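Residues per chain are reported as follows:
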Amino acid sequence: MIRQPNFFIILLFLPVLSMPFLVPCPSAQPLDKNELKREIMILSRTREKAVRDLKRNGNHADKNQFVSYLDKRIASLCETLASGFGIKEISGLPCPPVMVFVPSETAKTLPPPDESIKKADTALLRSLGDFDDLLKREQERIENQSMQARGGSEGKGSGYGKSPGGLMAASGMETGTDDGTRGSQERNSEREGGTGKKGKGLSEERGNSQENPSGTRIQDASVPSAKANGPGTLSGDDDIVARQLREAAEREKDPELKKRLWEEYRKYKEGQK
Amino acid sequence: MKGLLGIYRLASAALLLVLLSFLGGCASLGQNSIKNDVSAITASGEIPDSELLNVAIEVFDPGSLPDDPQERMGLSEEIRQAEAVFFAVHLKDTLQNSGYWGSVWVVPQGDVMEDLLITGRIEYSDGERLALKIKATDARGIVWIDKTYCETCTRKEREEVKMEKADAFQDLFNAISNDLIAYRLKLKTGELVNIHRLSEMRFAMSMAERPFGYYCQRDKDGRFILTGLPAQDDPMYKRVRAIRARDEMLMDVLTAYYDNFYQQLWTPYQDWRKFRSEELETMRKIRHKALATQLLGVAAIAGSVLLGVTGDDDTARAVAPVREILAAGGVAAIYTGHQMRKDAKMNEEAIKELGESLSSDAGPLLVKVKGDTLRLTGTAKEQYATWRSLLRDIYRQETGSIEDLPQILGQENPELQTKSDTTPDKRPKAKENPSQKDPQITK
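Chains F and G, in that order, give the protein sequences. All residue numbers for the first sequence refer to this note's numbering, where the first residue is 1 and numbers rise by one. All residue numbers for the second sequence refer to this note's numbering, where the first residue is 274 and numbers rise by one.
I should point out that these hints are in silico values taken from the structure, not numbers from a laboratory. Note that the coordinates shown come from a computational prediction; the quantities given were computed from them, not determined experimentally.
For lysine-lysine, the following DSS-like pairs were computed, each having C-alpha atoms within a straight-line distance of at most 30 Å: (1) K625/G - K643/G; (2) K625/G - K641/G; (3) K136/F - K511/G; (4) K511/G - K461/G; (5) K136/F - K641/G; (6) K136/F - K654/G.
Isolated chain F, as found in the complex:
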């Protein structure tokens, strides 16, 4: 008689009591701090390379977008690391400076701040976030402008060949229209050459991904057909960030880093779906 209620109480608390023995669901984010650190370092290295490319090859909007994606990923991993394992864990890692005064960290490292300081810090963070959004919008605007300009300039000459040519023909001069037209054609062919190079790059990429041991079927399937419309344009179902990630993975020689970058690519693609 006495045992009956006890049995029900145990049944009631069974889920709670069994919690420590439950295996956690596999998560998309690695929970081990060393894994997180390694991931941060790999992404930071990729970012450095992308920045170096930017410096060498000019300030292209798509590269910027890639770098800003990597920044966000690094910041998010740093935040996970700091909130999960303490602020000390991110020291020495390439974490963004804004990380250091997020309220949770402040609470762990500094004496409890005044409510007003906390408020001001929050206001500053919010303001910085708003500014980030503004800059992101501006970057998108620039990218659109750039795309429009590229689209608009295709097949459109400068129009300079005709005007002086006509006048020069009137004055009996030989130079003018011919050279002008040739100039435009040369430039157009140069532009086409650039596009062609890009196309070649993509077909090379496909070749590489087949050879790539960690490339797996997913990468092969996600690699678009070698149809590139020009620099900065999207090909297949890869957007700019995905393409940059894929290119970074393909260029990487270190097998471990390569694997990680492919994983990053896969995660990004899955996130897009």
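Using the hints, position chain G against chain F.
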């Protein structure tokens, strides 16, 4: 005698014109020309991040158009203003391609605090000749270069252009880049690190003068010197670094706007240069030919006069037909020369039309880039003011300082002074009161 004097004057003027046309180039601008085929110095290996200085290039001062109507022909304020952006962007590309620098930005004119700041002024530009006055100053306030670079480009250089890589005046841009690299290579690693830290401190000071003023001061020569550094984990320093990261992102966006402008202007501008110089070349040829023909005509008339003056009546009678032929030929030559000059007028018209065409292309692009950058810098200015105010609030609350109150009241309040003394500022105090300025915000 009067006739002889006239002929002498005409001949002198012609000689002067011929001499000037031979001198041409930078010599006529009073500048030494850059040699042809200046190779760009590029970094052979990767430079450690700590040794990479960031560079900000202010949009150049467009300068003024030439006074001489002939030199000003087909040029306009719009073209100059477009060139002021175009040259700044191309210099940025040249510096980036060298591999010796960290980030290189193009920013509007204003108060910029970067490791190295480059300002420039277009002294002369007509598509054939370019003279740029360039000044580079580092964060310490030390001037690296302050000189005028001038180049006359060749037809080949005008034809072999490549966006972001090779301009018609690439020798000039390479010369600037090489001079900057030569100076940078003389600096020791410690000095490079010092410059970088100083620019950081100057930025920090501009955002929060009170906590950071101590770390950066001016010496008797007006140069900035580091007197210390805040701790890396100083919360206020970290806040400022977070703001600086945004400042750099802002410069990225501004540069991207200028890059877009450069890319869109590239084709019309290069075409303008090419066709303008072709027209000029043709016009010069016609003018030289006309001048030579007219000089021959004058010489023939002079010969005819001289034949009449010298010798006795018999000789005069004997040479009379020759004199008549010479005189008639001379008049005909002068008339032909005059007709040739009329033809050259058509080239003048073409040059003007080319200028108008480029102005109409560049005008809307200029309005757009100015609008975009002004909108952005205006918003940023407001943001900086907000951040400064927040930092001041945080600092006041962290230290208990009431530094602003006496300033607000306009006089020192003994009561407040006592309060302030009881809550001493834990941080070292700034000696000076440098004006707070918005980084890369237009004046």
